[in-house]
Every structure is written in structure tokens, then in C-alpha cells.
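Q: Each chain is listed here by its residues.
Number of protein chains: 2
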Amino acid sequence: MNLSKICKSVSFLAMLLFVVLACKNNEDSKTNNSNALTDASHPSLILTAQGVKDIRANLGLIPIFDKTLEETKEVVDTEITNGINVPIPKDYSGGYTHERHKKNFVFMQKAGVLYQILNDETYANYVKDMLFAYKDLYPTLPVHPQPRSYARGKLFWQCLNDSNWLVYTSQAYDCIYDFLSETERADLEDNLFKPFANFISTGNPQFFNRVHNHSTWGSVAVGMIALVMEDDSLLNRALYGIKNLKMDPNMKDNDGGFINKDGKAGFYANLEEPFSPDGYYTEGPYYQRYASYPFLIFAQALQNKKSELGVFKFKDSVLLKSVNALINLTDADGEFFLLNDSQKGMSYYNSALVSAVDIAYQFGGKNPELLSIAEKQNKVTLDDAGLSVALGLKAREAKPFEKKSIELSDGPNGKQGAVGILRSNPLEVVFKYTSHGLSHGHFDKLSFAMFDNGDEVLQDYGLARYVNIEQKGGGNYLKENKTWAKQTIAHNTLVQNEKSHFSGKYGIGSKYHSNSYVFNVSNDSIQVASAKEENAYPGTKMHRTMAIIHDKSLGNPYVLDIMRVQSINSNQYDLPFYYLGQIMQTSFEYNKLSQPTILGGDYGYQHLYKEASAVANGDNITLNWLNKNKFYSITSETDASDQIILARIGANDPEYNLRNEPTLILRKTNAKNALFVSTIESHGTYSPVSELAINAYSNIENITTVYNATDYTAVKITLKNNTVKLFIISNENNDENQQHNLEVEDQLINWTGVFTLVNLN
Amino acid sequence: MNLSKICKSVSFLAMLLFVVLACKNNEDSKTNNSNALTDASHPSLILTAQGVKDIRANLGLIPIFDKTLEETKEVVDTEITNGINVPIPKDYSGGYTHERHKKNFVFMQKAGVLYQILNDETYANYVKDMLFAYKDLYPTLPVHPQPRSYARGKLFWQCLNDSNWLVYTSQAYDCIYDFLSETERADLEDNLFKPFANFISTGNPQFFNRVHNHSTWGSVAVGMIALVMEDDSLLNRALYGIKNLKMDPNMKDNDGGFINKDGKAGFYANLEEPFSPDGYYTEGPYYQRYASYPFLIFAQALQNKKSELGVFKFKDSVLLKSVNALINLTDADGEFFLLNDSQKGMSYYNSALVSAVDIAYQFGGKNPELLSIAEKQNKVTLDDAGLSVALGLKAREAKPFEKKSIELSDGPNGKQGAVGILRSNPLEVVFKYTSHGLSHGHFDKLSFAMFDNGDEVLQDYGLARYVNIEQKGGGNYLKENKTWAKQTIAHNTLVQNEKSHFSGKYGIGSKYHSNSYVFNVSNDSIQVASAKEENAYPGTKMHRTMAIIHDKSLGNPYVLDIMRVQSINSNQYDLPFYYLGQIMQTSFEYNKLSQPTILGGDYGYQHLYKEASAVANGDNITLNWLNKNKFYSITSETDASDQIILARIGANDPEYNLRNEPTLILRKTNAKNALFVSTIESHGTYSPVSELAINAYSNIENITTVYNATDYTAVKITLKNNTVKLFIISNENNDENQQHNLEVEDQLINWTGVFTLVNLN
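Residue numbers (the numbering used here), protein chains in the order written: chain F, 2 to 762; chain Z, 2 to 762.
Bear in mind the hints are in silico, worked out from the structure with no lab data behind them. A few of these clues could be false.
Because identical chains cannot be distinguished in the list, a pair is counted as satisfied if it fits within a single copy or across any two copies.
Listed next, the in silico SDA-like pairs over lysine to any residue satisfying Cα-Cα at most 20 Å (straight line) [claimed, not checked]:
#, residue 1, residue 2
1, LYS611, ARG668
2, LYS721, ALA615
3, LYS629, ASP456
4, LYS253, ILE509
5, LYS416, LEU720
6, LYS380, PRO689
7, LYS533, ARG397
8, LYS726, ARG101
9, LYS629, GLN472
10, LYS345, GLU273
11, LYS629, ASP334
12, LYS380, VAL745
13, LYS611, GLU662
14, LYS611, ARG660
15, LYS380, PRO148
16, LYS195, LYS262
17, LYS91, GLN740
18, LYS480, GLU71
19, LYS629, ARG660
Note that the structure is a prediction, hence the values are computed from the model and not measured.
Please work from the sequences and hints to get the whole structure.
A: This is the structure we're talking about:
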């Protein structure tokens, strides 16, 4: 910390002391009427009158709270100096007017909070002036000039962003409610807030009346302002949707998602439908993160204002569970796994997660594991919940949040498949056998990704979008999201006849889900997630089993992947592995093309360059590669005449929208039934400083399928250190108590349960 | 730190205390003859008798020294437990026998030091047993079975590694010298050390008698063992080379470098020739790092044993200057700039640099700035020099090592060009106008690279080799090093008619060097490095000027790049910019090919895929890209009909040896004279957590050449914030005191010196 920074901190602390003393004096004399706490009914959403008292009493005493407060004050003070700017709306996201209005609502919210905590009218006046500027502008606005959205807003190009504005602004209004005169409030409510809430609800039922992260924001926006204004009619609309509305069930949004197939709407429906009983949000963690802010901030406000509704107890406390689920859906660095449309790098350091963690801590029994996440976030919300967390941290109550192997069910009743996460330090395998995931879903049944100490090793591509980077299509979804990122071949899963699952049709895919077959992580030596998909290709059944085997004779655990396919027809099957890094060596000879050719015509194949190929001779093949100074190997069993394709993303990409990353594709042709068996290892390291390569080669000597029939599949794994293991799975009976016996390799193996791992030496 | 780690540390400290007390007792009673310090003449290379006393007296008192000692003890103890293994030599680097022998010499050296410091005979016996195992093996060995080297060793595939062995082993021998009986010493010297030293010198004169990093290691190996054995004849051979040797001056090594064109040899010649008076090593920092260990360790030994030679004063203290030069040749993360053959990621955290920094501190007047580097390294050498550094750190004497803009001359007399480094936080520009750089040199006159806060933004490719990764060609240079990495088109500099500089011929390139024209960094607003190259293409003169302009109206500085070419013939000129990252936007429309084509037939062009192209209309073109969450732009002036090529490395790469990274190539055809003017900016940031893009676009509105003739070149730069600047450089007169005046843009500009930067508004 340099001197000017220290001076700043010292003066900030002196200022806090002044506030504390002034407030204390206030309370003692009870004569000062400029104090923001005169009316106990405001603030009441995220700050409460009692909360503000407690916060003020603790100023200067809790480092993490003071630090967040100081940072917030710094940015808001700078904004106040820059002056208020409420431009006529014009741009898409990334453009000036979009970003300006976005900043405005963020800073209004912060300024409102600062007014309450620091009791400094500068902040109240900033919010007030901004609100009146909006009140003057809003009634004059047509719908936003940019036409791309199915639900155009007024301040922004889509109602979604208008709803963001209202969710934040409601909090600011709540904070300065008592600072305003009754006339001023009436003016704002009649000319800004009510018309605003009406426009995004009754004015845009296709946006508001549905189950989707968009409508979650819409409901919460209307609900938050309803709570401040104490408008029960609006609150009912927020909670239960627009009543008696007739909507076309086949209407779709820009992403191709159905608007409202079954007539459900409102906050409760949005809470009921997309969350599974385990708290998994069907769109995936990237969108759960986005939706978690409105869900939790509104729940907090409802709890504070209408505790009789018991919102946190709804659906067996699903909101609290959802925060735990979300943290479990992050890698070792806290970054979200990429399920469905997801931008890489989003993590629990996002401000929505700071709110989520603090609110879940405050209203969910003060789970000390959440404190360790808050500690990493190194900031708290400037409200009652944040104060709780800060006090918990100060009292050193934090315990490590231990992310373990976990299966999170999907679907409102938890009956629409699941995500299976296998963890064995340093590996994490994310195996997806969920439902489609609404309009942000990908056609990637039984796909997986593998992480090594937080680094993606076998990647999920994520979305084809550069969020808020205006240069790239206004920061919106790129056309390659549909033609590439959502297609099956963009994922580490099976493609039949070069067509995506469900022919890439959302209308079909959203009717089905995969099914969990077994998820058993009770034994650290062999953790198994296994699932089946029988609808992606009519007439074809897929059964994939992923295991992490932790063999004590090796330094690191490794992954076993068995994809078993049965079909009534002869097909071509492609199984890609999107390894990240540079090929070091292959056990097979390949023919590198002098010029890449395009791999196929449609379903994402048109975006892959074929760079090299080989024909297998029936032996195992191994691809050994280096990524971020670690050595990895994938070893696969092959049949003679299997094709091996080395390809790279980037064809038919006229605007450089795609990342040119590599893949290995295993291809079987003219097959009804097929079995792909592979191991994936992280086995070694390289240091560019010492230039030492350690354990650069695979530990696997051989993998062989020794039995494969309707009843069982058995794979023998021989390590270079001469350890031999046999993995057997029962293919049709997933009763954990069933006894099995099978003769393989001249041995009779007996076991109880769905699978077993036996030492053969 | 976990509990077991704490317990370990506690017991280590207790052990140190025991050593300190035991030694104290020793000194008091003077009766114990097992103390390693009985004979004051050993150790005497890197440890001295007095040094050992001082170290023992300070044990447990200096954290950084104790930490290094503990780490060293831990690894050596493990090795001792594993037992001694001296296999019959068989493998290339990366293979088992190579790595085992390498470990052996490293651990012998460490064990010798531990014996001296901890006075524990376990370590002496380990070294002794290992030495006798080598003594039994060595005389039985033929030359190494692997045939690739021009100078095959016996323990290793090349004499270079045998020399490494002897440099380290000499230190171990010195440490246990007095522990051995006279008979044992005679046995080792007669049957191991002398034959070993002879084999790598008189037995391989093509390796030993030259000026090259190989022969530096050879001379030092012979010199180190000579010092221990007090063998003056061997010492003279080490210092001055093999006398009266006739060698073919046209002989070349495996890298195509001349073995010995001018008959120079020995340690002093190796010190005299490759180092410039500024301490720049002509092979570049990657090899300087490699050579710095033998240079400095031997200088330290010579100083301790033969202080009358005054080795550190040689050539105006060039060895000490070289350490400063080397640190200045690192980026913000301490990683070496990539000049000539260099592997990315090598840094001053390498153990050779720990030695270099500690020795330079000890013998170079205890420069407190070196302490700050030692502090980052967080380890010290376990010898007298390391103790000095540890004591300096303990006394809090460290001062920041401030890397500034600097020009480092090349050539024995500093007259063979230079490297110009321009720094303006966060940018660093490395501009190369040196001599060829011996056999590791690249054909890249007037090339440059740009770094942003330690991240390479416009890259130098470096070498085509995966050092010590056996899977990749035994860890040795790959053929693509010659066909790609050394070629001109692989660098950010001018290529004429798709041929490399000097036709890619080392014999020609090594005769010439570029010349510094002006290097002036006295004004933070405009720092300039300018240089000329007139031999790379006969009949063509190249003059490149690189400037960092720090305009206070912008957040960040930007780079101005002017490449001026004059030829007597009509040529095609290509100027590539190897940007790293993903294209966000271009100001020009390009035609992306449906399938990449190969850009050319030879000189590295055969390794480039052409992906897209455009024809310029005479306006500026801008390429805007994103790398590691920062936004960059390159803006270039074009002539109508200039071609713009977007290409990617990777063609004709049958074994995936190359990295598939992109480049922008500006091409002018049918031109005698040409002028390329560009700006390069780091202007914005992106956060995947907040999803905010800040300053995503270039700040440059326009760049225009307003004057270009024999005498001057003038470029007008207009920023989007309406600032207008004019940069003028005198092309023929580089007298810093010359007065100039020029009428441009209807203004008469007067200035003194080679260039000026004028505000036009």
C-alpha cells in the first residue's frame, strides 16, 4: 500500500469515527430530524431500520465491511463528481447509452445505501436528482430504437435490462424514501415507477408472463417497487403473474425458447419450475448466477417486509439450497462449470454471488462454510446480510467450504436427470445428463468436461458470444452460438451420423431428459456416475459411465470413460475429446493434411477443420499433450478400422468469432452397437524455469474390454507399474443391493451393487 | 502451512540449533577431528573455510537461508534414501539415463554443501560413494551411443552435459576433499577427474577450443576441477584454451555455427568475445542465463582461490555488468525477452540466476537493488555469497530494482549494434538491432516485441523446441527451428521478396550487424529507439524507428512504429505483426478463405496458413483484438492496393511441433521505397466476472505521413480526444545537437536533436 493509499484509508477511518459519534449523539439527544432513520418503515428491502443502526454502531470495527464501504464510497464519489447523465437511449449492450444507464442504476443503488449508512445527504440528493431526471425522460420515450429483441425495453434494447434497472432503482428509492416529500414521492411513483412497472409487465406479457430468467427479473423488478410503494396489486402481479392472460403457447423468443407453453408465470412459478429440489437451476450455473441476484434480493426484501410469506421456506428451502448448489458447480478457482450457454471465467467472485452468499448466510442459519466463500470474495453487501457475514468473519467462525462429489438432480421434482460431479483432488469431472435447460440449453446429452486444479483440460466450448463487447455483434449472442456452440459435435459426447441430438430441434429436445443410472461416490478409490439417454437418436440407446479411479500406486487419480451405444440401425458414431493444449506425442501414426479440409456440412461439422487422420489397427491409441505446463494423456481402446481424426475449430467463421482449439475425434462407421472405452490422465508437470519434465508419459499400459454384453461390461486396466484392475458394471440392473457374479479372465467375480473394481494382481 | 509442515519446520530448527551448539563446542575445545574445517585450504571454491564458520554461526537466525537449507536438506535426504544409481549412459535428454546423471551431479553438489554446513558425514559419504561409482564406471565407457552431437560426451550425448557434470561435481569434491584420504583422492583424480577433464578438452577440441556457450561450460569444467586439484597446467588450459592447436576455420557445429573461425579459445576469450562492454551477451538472454552459471561460479572460485587474477575486474567488470544487463532483459514478471533461440517462460527465478544475483551482490559492492531480486527469488545459494545476501535481506537493505529504458550494445567493443528496450508502464518494447548472435541467432534484423505488464502482446515466436521433453525429438532442437523459428517471416520485421535476411545464411549474416541510429529516453513523453540495417538485403536500406509516446490525455502510453525502406530495385515487402489473442474487429473488410492455403514455399512462408486477405483503399486500417482480458489495437497507414493478410502458423507441421498462433501481414508489392507507419495500443480491459468492457476501442482517430523524403519523415497522429501530435525524425543526421527546421502542415517547426514531437493543437 503506498502512502497516498494509506492517507486515504486513515482519513476514511476518521470519517467513519465521525459518523459513529454523530449517530450516537443523535440517538442520545433524539432531536436531530435530518437523520435518515426517522420513519421505521423505510428502508425495509435490503436494509432495515434496525440494520442501519447496527451497521452504524459497527463502523470502523470490521475490516471487510469498512473496506467494501470505502471502495463503494470511492466509486460513488467519483460518479457524483462526474455529474448526472441520463442520455436518450440508442445503443445495444456495450454501446454508450446502454452502459451509461446500467451504471446509473448501479450507482443509484450504492448511493442510496451510502446515504443510509453514512447519513450524508449528498448521496440522497444524487439519487433524488437522478430519479427526477429519469422521471422527466421516461414518459417521453418510445420503445428502444434497436429492434433485435422479442421484448424491447425503453431505456435498453430489451425489457430484461429495463427490469435490471428497476430492481436496483427500487432499492435506491427505498433508501431515500423518507428523504423525499410526499409530493415528490407521488410524482415519481405516478410518472416513473408505475408506468415503468406496467410497461415491463402488462406492456410486455411475452416477456413477463413466463418461466425464464428474463421473467424472473421482470417479476422481481415489479415486486421490488411494489414493496417500496406498498402496492399490493402490483405485488400480486409480481408473485403470481398477470392473471387471465391468453398467450399463444407456440410463441418463441430470440433464442428459440418457448415463451409460455404451459401458462405458468410470476415469481413463485419461476422459483417452482426451474429449480430442482437440490437447488439446481435448469438453465445451468451461468444463468443461475444471473438469476440468483433477483431471486435472492427479492426473497430478502419479502422476508424483511412480508415475513409471513416465509419465502425462504418455499419448496423445502430451495433458494438456500440453490446457493449451495451454485458453489458446488464451481471449479477449484471458483469458476462456474460450463453447462449450456455459459461464458468462461464467470465465477463466485461476481457481485450477484456476493449477495447470494451473504443473504444465504443471514437467512439460512448462518452456515459457517459460506463465510469461507465470503472471505475469498473479500467483500460483503452493504446491508444487514453483509453485516452478519462481516461479524461472522470477525469472530473467526469461517469453516472451509468443502466441495465434494455430488449429484444435483434437474427438473421441478428432481426427476429430469441430473448433473454428476466427481471430484478427486486435483481432478473434477462434470457429467451432464439433465433436461434440455430451456432456451439456453445445448444438444449435449451425456457430455462431460474435465478440470485439473481449476484448469479446463477437456473443455466444454461454452457459448459463442463476447458478453458486452460491442465490437462482437453488439455483445449479443453470435450466430455461431446456434450453428456451433449448441450443436452436439461441439461437446465431448456421441454424435450419430453427423447430426445433433434431437436433430438440433429445441422443440423436441425440450421434451426429454437423460436419466441417472447410478451415482455412487462412497468409495474414494472408485467414484462412479453413470447415465442413460434413449431419446436423442430414435432407435439408439446411449449409456455412459464415468469413473474417477484413485489407485494408491499412482500419484494422481485418473478418469475411466465408457460410452456404450446400441442401435437398431447401422450408424456412424463420432466421439470427440476437446483437449486443450499442444500435442506432444501420439502412439499412432497420423497423416497430417497439407491443407485442412472442412469436416462436414451441418450440425456444427461445418465449423471444424480436419487437420489429420489415421486408421486404427485395433490396439490402444494414446494422445499425449501439454497444457499450462502439465502433461496429459488420453488412451482409448479401438477396433481395427476405427478412424481417428485430429480437427480444429474455426471453419466457416467469416468474422473470427470462434476460438481455434483442437479436438480428437474417435469414429466408428457402419456399426449398430459400439463401445468407446478411454482413460484420461493428468500425470506429469513441466517447468519452463527449471526445464524439468516430470512423469511426462501415461501410466496406462493397456485397457481392454474383456466382457461386453447386455448384462455387463467389464474393462481391464493394466498400469505400467504392473497393477491390473478390472472394472465391471451391470448394464441393466441398478439396484445397489443386488448380488452379481460373472466369470471373466478365468476368474469368478462376485460383488454386490451396480459396479465393482477388482484388483487382478 | 499445515500441521505436519509446522512440525517439520520445528524439528528442522531444533536440528540447526544442535549444529550451532555442536560447532561452538568444537571451536571451544579444538579437539574434535571429524570437523570438516580441519584443513583451511578446502573448501575453497564457492564455500570458504571462513564462510562455513560464518554460515554455521548464523544458522537458525536468517529465515531465507534456513528455508533454502531446509528445502535442500529435504530433497537430498530423499535422494540418499533412494540410493545411489549410476546407470550406463544410453538416452538423449529427457530419457532416463540422461536425467539420472543430471540429478546425480546436482545432488552431489548439494550434498557436499550440506556436509560442510551441517557437519554431518552422511552427506560426505553420499558424495564419496557416488564419486567412486563414477570412478569405476567412467574408464569403461566408450563415447555416448547417441550420435546426434558434433561433440559426443561419455555420460551424456554431448560434451556440453559432461561439462555440466564436472562443474557441479568439482564443487562436491572440494567440499569433501579433506574428508577423503590422500589415497582416495589420488584414485579419483587419476581415474576419474583428469581423464574426464582431458576428454572434454584435448579429446574434443572442436567443443572446447571455441567461443560459444558450450566451450564456456567446457573451460569452466576444466578450470573448476583444476582449482580443486591445484593443477596449474589444467587451469591454464581452462583459462587460455588448448595451445598450438590447428583447427579448420570452416568447421560447423550441429546448429550451423562456426566452430572456431578466428582461433580464440579459453575462459578469458569466452568472456572477452561474446560480452559487450554493457554486459550484453551476444547469444541473447536465454543463453546468457545458461552461460551465466559457469561464468559466475568459476569467477567466484577464481576470486576465492586466485584473487590476484582479479577476474571480476576483467574488461571493466563485465561479469558484474552482465548480471545487471540480464535483469534488465526481463519483462515485468522476470521472464527473459526472447532474443534469438529462447524458450518462453525462462526467468530470473532459474537457479542460475539465484547464483548470479548472489555472486554479483557479494563481489560487486553489495548493490541493494540486487537484494530485491533475491527477495523475489526467495532463495539464496548455500555458500558465502548466499549468506551475504541473506544478511543483507535480514538487515532490510533491499531497494527496488528499477528496470528503465536502456540500450545494451552488442559486440566485444560494443560496436555491433544493440538491443533497445523502451519502457513506459505498463508497456515494454524490445527492439533488436544487434549482430547475428552466433549459432543461436535468428534472421530478424530490426525486429521487435511488445509486452504489456509482463504479457507478450506482439510476440517473438522464440525457439521451436520443447527443452528436455523427450517426446518431442528427445527434447532437442526441432527441424522447425531452422525452417520456421529462425526465419525472418517468423518475426515482427520486414521481409523482402519472401526471402529471409542474408538469404537465411549464417555465414553471411554473422558478418554483419545493424547500427543504432538514435536511442533517447530522456523525455518520458517520447522515448525513441531508431536503427538501420543495410546488409540484410543487398541494395536495400531499412530504417526503423520505434517510439513510446506517453500522451497525458490518455490513460496508457502507445507505440509508434515507422519502418522506412529504400531500395535500388522493385520488391515485395511484407511486414508481419504477431499479435496474440482473438480478433474483435477490423476497420477493413476481409475475405476469409473457406479453406486456408499455404502462404509460400520457403524461408518459413511454408509454415504459414493464409486465412483471410483484403486490399487496402489507402485509409488507415485498424485491427482490434482481445488477449488475456485486455483490448489492443494496431492501426496502420496504407497505400491503396496494399495487401492485408491474416495468417496463422502451422502449415507443413507434420508432427504438431508449432503453435497455431495468428499474424497480420502488411504487404506492399512492386515498390522500391516503402514506408510502414503503425501505432500499437493497449487501451482497454475486460472482466469475465463483472462482464464489463472498458475502453474497448482504439484511441487513434488517424495517422498520416505528412512528409517523407531523404532528409526527414513526419507523421501526424490524431487522437479521438482531438489531440493532434506531429512526430518528425531526421533520417540522415543523428547528431543530438543539430538544429533542424521543416515546414509541414503549413507550420515551420524548429527543433534541436534527431527527432521531435510537437503538439499541433
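Q: Need the list of violated hint numbers for this structure, in ascending order.
A: Structure breaks hints 2, 5, 7, 8, 10, 12, 15, 16, 17, 18.
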